[in-house]
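Undergrad: Spelled out, the chains give:
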Amino acid sequence: MAETVRIIINDVEYEVPAGMNLVDAAKWYAGEDIPVFCHHPKLEPVGMCRMCLVEMGSIEKDRATGQVLLDDQGQPKVRWFPKLQTACTSKVSDGLVIRTRTEQVTDARENVLEFLLTSHPLDCPICQKGGECPLQNLTMRHGPGTSRMVFTDKMQLDKRVPLGDLIFLDEERCIQCARCIRFQSEIVGDDLLAFHERGRTLQIISNSTPEFDSYFSGNTTDICPVGALLTADYHYSARPWEVAEVPSICPHCPVGCNTSLSTRLDRDFGGRAMIKRVMPRQNEQVNEIWICDKGRFGHYFTRDSSRLCDPLVRDGSLTPKTWADAQLAAAAALKAASGDVAAIAGVGMSNEDLFALRQLLAGLGSDRLGAWPPTHTGADIVAQVGVGQDTNLSTLGRGDVVIVIASDLEEEAPIWRLRLKQARDRGAYLIVMNARRTRLDDFATETIHYETGQAAQALTSLWGAPMENTAKAAISTARHLIIVAGAEGLTLAGHRSLMQTAANLLIETGHVGKANNGLLGVFPGANFMGLHYLGYTPEATLDIARKPPKALIVAQADLLADDPAAAEWLSQVETIINLDLFEASGLNALAQVVLPIQSFAERDGSFVNGERRVQRFYTAQGPMGQALPAWQVLQRLGEHLGQGRAKGSAAAVMQDITRAVPVFANAGYARLAQVERQFPDVGGDDLYYGGTAYANKGGLGVQIPTAADSGDVPAPAPAAAVETPKPRGRLLVVPTIRLYNRERTFLPSTLVHPRIPEPYAEINSADAKKLGIHDGDLVTITVENIPALRVRAHVNGGAPKGTVILPRHLSDTAAPLAITVGEVSKA
Amino acid sequence: MPLTDKKYADRIQTAFAKYPDKRSAVMPLLYLAQEEYGWVSPEGIAEVAELCEMDPTQVKSIAGFYTMYSEHPKGKYWLQVCTDLCCALGGADQFYEELKQELGVDDGGTTEDGLFTVEHVMCLAACDKPPMLQCNFHYMENLNMDKMRAWIAEKRAEAAKAKK
Amino acid sequence: MQHILLRGRDIPDIWKFDVYTRNGGYDGLKKAIGMKPSEVIDVVKASNLRGRGGAGFPTGLKWSFIPQNEPVKYVAVNADESETGTFKDREIMETNPHQLIEGAMICAWAIQATAVYIYLRGEFWDIAHALDERIGEARRAGFVGENVLGSGWSCNVYTHLGAGAYICGEESALLNSLEGKLGQPRVRPPFPAQKGGGLYGEPTVVNNVETLTNVPWIIMNGADAYKQIGTEQSPGTKIFCVSGHVNKPGNYELPLGITFRELLYDHAGGVPGGRAMKAILPSGGSGPIIRVTDEVLDTKLTYEDLGKIGSILGSASVIVMDETVDITWVAAKVTKFFKHESCGKCTPCREGTYWLDKVLDRIMANQAQPGDIELIDDVAKNMQGITLCALGDFAANPIIHTIKNFREDFMQHMATAAVPADADQRKPTRPGVAAATTVPGRLEGKRDTATTGTPARRDKEIET
Ligand SMILES: Cc1cc2nc3c(=O)[nH]c(=O)nc-3n(C[C@H](O)[C@H](O)[C@H](O)COP(=O)(O)O)c2cc1C
Ligand code: SF4
Ligand code: FES
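Chains as they are written, first to last, in my numbering: chain A, 1 to 827; chain B, 1 to 164; chain C, 1 to 464.
Just so you know, the hints here were simulated from the structure itself, not pulled from any lab data.
Among the hints, a few may not be true.
As the list claims (entries may be wrong) - Cross-link-like lysine-lysine pairs, in silico, DSS-like; alpha carbons within 27 Å at most: (1) Lys36/C <-> Lys83/A; (2) Lys147/B <-> Lys161/B; (3) Lys18/B <-> Lys30/C; (4) Lys74/B <-> Lys36/C; (5) Lys547/A <-> Lys335/A; (6) Lys195/C <-> Lys36/C; (7) Lys83/A <-> Lys308/C.
Said to hold, decoys possible - Beta-carbon label-pair distances, calculated as ranges: (8) Ala18/A <-> Cys135/B: 34 to 40 Å; (9) Asp213/A <-> Gly114/B: 35 to 41 Å; (10) Glu50/B <-> Val675/A: 22 to 28 Å; (11) Ala18/A <-> Gln2/C: 24 to 30 Å.
Yeah, the Cβ is synthetic: ideal placement off N, Cα and C, and Gly gets one too.
Could you build the full structure based on these sequences and the hints that come with them?
TA: So, in structure tokens, the structure goes:
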């Protein structure tokens, strides 16, 4: 443990870590809540609101001997400061003495509250924050019962100022604590909010174009200690005491943010429980107390009219059938395939679903389990040398090195990007490597731009460079080393080569099998690691495409929308059984049986996040039509095939998993639901820190150890040399990922539509000149075997020469799945 | 981008040369923007933001904090009359009332011909020479209404001449 | 007596470089550069020169706080001069600018600074541009810039214009403003002199214009000579800015320790029309107001003596009010100033000035409500001592002291207000002053003070 000091709070002595913030220390060690507004344990102290005033002094010591001086009563003598001091700007040091309950302190608190209320509208009865509002709570405790500031012209300001499309500001309610401004600049690094004017006319503004365009804007509404900042979806939508908080896990990316779904039985949803808002749930190892706006606003697909509600069987055309009939039809088709079956499962499937699907296939004598999308690989390598157990990105700092390679982290895993930005601020050496500029470059210690497709080579030469360079020096003396690797600009084979190269570097430098060291894959979706642990691989997917089976089960995988080239081999499959969330799926045109499954919101289950943490989510929202959890659909199908009885609950399925799959041995539901006290203490009964629903009552999850964690460090393996596609006079088309896109699991969040980019491609200015293309022109991109795409050309310096950066999922015409060669022409 | 026109190049250069970082030049550059546009206009803010490599939000924030940056168009002569304590002891309040009447505008108003904007301000460090005002950042001290009337007439005449 | 600071009064063109140098200009800098930096600090320490920006902090001591081993250090010259009634730095810069540059350079040498920034209030537009030329002259002569006087030490001097914000005279707000940030004060510690607390995080001395302009004289003539002037605890001369109801308002550079009577009658010519002097604000709008009595008039203007009569010397901006002045009006004027200048960062000042201003407005409009005097007195006292910077205290002072010293002026307004005669005798009790101000049903009875126990919601956790 770090060095400790002794401090006295209200006459009781405590031993606390040296240098800790006094407010935090008092709360954590002494259970003493010093009221605060501007202070937030995740932000730098500013001492603005003056709510945290305490009497402060220090124990007097003899200068010469260092002996504590005693008074007549034999008590240590205290030298008191003449004025009250702000606790939030004080750090604990040996001999610090504070009093928090004296009349002077109480008076000061009352005075500050009275001041705050002078221009506050006191519209608690119609305020969304009412019921979970620090100002309200503190007013209850310290506030004046009546107001002495009575004027008919008390502050009248705009009550609904849009700060961008997603956040609204109520100017009257704002208490100028600057938490939102500081969050944006300190935590996010986007200086998109600021104060305007001064004195009592101080107001929050955003003046960027578009306004407040940050992927993290929603967090400002959580840390706002009053109802001044509210999200566009929750504003005037429900009250805190009406909603039930259901622990969940964000289904959108590998970070696996812990969330809390506030649900209410809602008229607009036929009286069923409905998600009214998504809030972060504290998990300091995973997402701390933040989520990105995709996680917050990306839940609308769960109850969208595009959801598939009935089982369908092809009877000429697809026709609604009862579950029994549909199951029979599916079972018959599977039997008819006599073992020539395969399955492809998407990254949104839960572990329970995946296990049930694998059992079903095993029962049919097949182990062809494909993972979707087949863009990323190397989960097996991560299972060996992934980041060590107890890795916590918030503890990275000086002396540590993080390499982010072949990923646009802001777009692919926003909360990791947020946490790495802070690691950098704490002194970590952040190396960002990609073929092009990405947002993370802004926060990098060093950026390296390599030739498109040459990620593995770039990493090899970084470390193997004959010349000394700063990056190499930092790596060779690194206390901790983490490599965060994505697949941008790489083929599947190229990605494997990169992952192996990264693993080799980590093994050779001894940075595996230990906390804060190892490999982190920037995989798509919420459960890519779960797919791996349950036996699904992208390589198997390619194999299935090469040798299509008679019968194929596709589970929550949007094959055609993701990969326009898939139509070709899918046409050779006799029977497709499609388990889907949505009705209008391209695949349904080909499927014989279509079975409706439930989204993460309507059922319980578990995912394994990118850091290999098994995390549990709970049933939150009312059901959609006849949809069932996929594991249940699959196990009932198994019943029809004589494979034994379906389990009664997801928990029971997990029970089976713990027995059948050793890495899950420790991941029973009870264990996953365990919580422990987390620092900072921002959840629960907290009165002031002002998180709205941070309390983690759903569990912190369990991290699966890597092979290296268990002492089994693999030897470096040769990374296969992989050729990048050769442009031969044409251009390299590099598909990339944008956080906001038109995927079916995001498109129903209409609120965010203004922020989804129009379909575009970035073209290098030299190439554009040659082709006679100007910034803003409509262009056609043609790639062999797939329909041509029409997009807007951005000639903005974003694309390296010879490449076209083409974000996937922005238009209804699918972009290629992986890097390829193509042509661009003016449309 | 007018601010990057040649005519300001030297002054922008001087501003940047003073400080170890670009952000510090935001105040001098805001003055330039105000000079160019007559007020700190949205275009001016955007240009300063780009020059100083700041988000426009931060530039707007700076412009809003200080009273000498005007976020609204002003008359050709921006008259800031000190009506703070010392000047008021020397008759500034009455002087200001009369000046407003003379020009036919309220506090903060601009005359119809677009020539004069009047505004009361806090102490300008000329407390021994009341009444006084600041006209486009230059001081006019020991004033009285006779002097003002003459001055206003002169400016009006100049403007009329310029029009022809 | 010869002027130390306002030498333009003795030598009309001393603002000109050649006139200044012909009259011993920059000899102080030459002498200082011949000394070790620490020796320069010692001389300034020994002179007992105190900061002229208001707080009166010993200048040499301030310089000695600068850590020696930091490679980058700064001097920030505070030329923001925005306190009501203060106009001395302006005259120094207009009439004797080279002496300021010289003083700043001596300070820079003493702390081995790498650059000097002169922060002028935005309204000093013309002064700043003239000062730029003076700096250019000094640079060309080798007194500023690269390799100063062949010493191997380089230090540039720059001007920076504020843009209309009194708070930027507060030293940490000044530094923020220089850095292109919002001109709001910073939390201290770290202090400007410390690593992390100064300009761009580097150790920085912030001194007032007048303070630094004293320095060349002190270096040339020695600490003892300086201490010959003024009193023991307040040595040297001081520029008194006299404004308001006197016949000859203006700046007077006089030894500290002269009396109000000498200053206001002998020098400033007394009150026009022979009227009686009613009140003095000895330190601009922010210091406590005093009622003029014979005892007051015979009080010496020193840091120590003004404390004895319940006020401060501050920046010595002496505002005189004759018998015709309604002190309630003074309180209202000054409050408007602070309300306008509050940066808004901290709660008590932002809300307190807004509230005080509102109540004073209604008092001035003769629409006072019962207890308004007690109300503003209480509000002002609640602001005192708990704000982030001293502006909050400055804003409370005029209220508290005008009420304390001139209550009858306030009573005039109460008398004409439609309120019961005894209203302002009522003690303000919390909550609420008058029944009429109670918001029905709001939070009544829910209040629970920390002195009597812990709030219900946290009972279980406070057992420790
Ligand atoms: C609100 C406020 C305004 C101030 N304004 C000025 C000012 O205009 N000029 C000045 O020299 N000091 C001003 N000061 C004092 C400075 O903070 C600082 O103490 C001073 O510049 C130090 O210089 P000195 O030691 O030479 O006096 C102000 C202080 C406060 C709290
Ligand atoms: S006291 Fe006033 S001026 Fe000073 S920090 Fe607080 S709000 Fe700003
Ligand atoms: S001043 Fe300490 S919490 Fe706001």
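Undergrad: Between Lys36/C and Lys83/A, does the CA-CA distance stay at or below 27 Å?
TA: 39 Å, violated
Undergrad: Verify the proposed pairing of Lys83/A with Lys308/C, using a straight-line Cα cut of 27 Å.
TA: 22 Å, holds
Undergrad: Are the Cα atoms of Lys147/B and Lys161/B separated by 27 Å or less?
TA: 21 Å, holds
Undergrad: Within 27 Å, alpha carbon to alpha carbon, are Lys18/B and Lys30/C?
TA: Holds, because 25 Å separates the two Cα atoms, which is no more than 27 Å.
Undergrad: Under the criterion that the straight-line Cα-Cα distance not exceed 27 Å, is the pair Lys195/C, Lys36/C satisfied?
TA: 23 Å, holds
Undergrad: Should the hint that Ala18/A and Gln2/C are 24 to 30 Å apart at their CB atoms be regarded as holding?
TA: 56 Å, violated
Undergrad: Okay, Glu50/B versus Val675/A on CB: inside 22 to 28 Å?
TA: Once the Cβ atoms are compared, 48 Å apart, the range 22 to 28 Å for Val675/A and Glu50/B is violated.
Undergrad: That 35 to 41 Å hint for Asp213/A and Gly114/B (C-beta), does it hold up?
TA: 37 Å, holds
Undergrad: Quick check: does the Cβ-Cβ distance between Ala18/A and Cys135/B fall within 34 to 40 Å?
TA: Violated - the Cβ-Cβ distance for Ala18/A and Cys135/B, about 58 Å, lies outside 34 to 40 Å.
Undergrad: Within 27 Å, alpha carbon to alpha carbon, are Lys74/B and Lys36/C?
TA: 53 Å, violated
Undergrad: Given the proposed pairing of Lys547/A with Lys335/A, does the C-alpha separation stay at or below 27 Å?
TA: 19 Å, holds
Violated hints, in rising order: 1, 4, 8, 10 and 11; the structure is consistent with all others.
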